[in-house]
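> Residue strings, one per chain:
Number of protein chains: 2
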Amino acid sequence: MLKLCRQYLNWIQNSVFEGELTRVKLDELLHKIKVIMKEDKDSIIIFKSRQEKWLEKEVIGREKNNLDNIL
Amino acid sequence: MLKLCRQYLNWIQNSVFEGELTRVKLDELLHKIKVIMKEDKDSIIIFKSRQEKWLEKEVIGREKNNLDNIL
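If you're matching them up, the sequences are chains A and B in order. Numbering (our numbering) for the first sequence: 285 to 355. Numbering (our numbering) for the second sequence: 285 to 355.
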């Protein structure tokens, strides 16, 4: 799942990813996610902001996304 | 940290929380977070959307936020 999500998004922290996707790319990713997830056990939550300017991001503490050994 | 965040936000999944806060409440929460976090080790990422209508949420699979034993 990590490997898949990283093909489309930037890994932020633990099981959180971020990125800009077209509608087509998002559908493609969601399709692949559904193939490998267990829908009765796992869950995926997608927060979509139509424009980046409407989503402000603030980081406190150490940025973790360069550490590959956490997940 | 979980206990603190839950006083202000809804717990969504693992270490992800969501909620509507006033500027004052957010500052209060961030202040308390900074007291208990280790800024050289931990990290907090805040995504802010000024209006809820600009943030769309989609859940796939099981909604986890009723399970208290995951964190």
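Please note: incorrect hints may appear among the correct ones.
Because identical chains share one entry, a pair is satisfied inside a single copy or across any pair of copies.
Said to hold, decoys possible - Straight-line distance between alpha carbons at most 27 angstroms, and here's what the computed BS3-like set of lysine-lysine pairs gives:
no. : residue 1 : residue 2
1   : K337      : K325
2   : K322      : K341
3   : K322      : K337
4   : K325      : K309
5   : K341      : K325
6   : K309      : K287
7   : K309      : K332
8   : K316      : K287
9   : K318      : K287
10  : K322      : K309
Quick caveat, the hints were computed from the structure, so don't treat them as lab data.
> Against which earlier hints does the structure fall short, listed by number upward?
As far as the earlier hints go, 1, 3 are violated by this structure, in ascending order.
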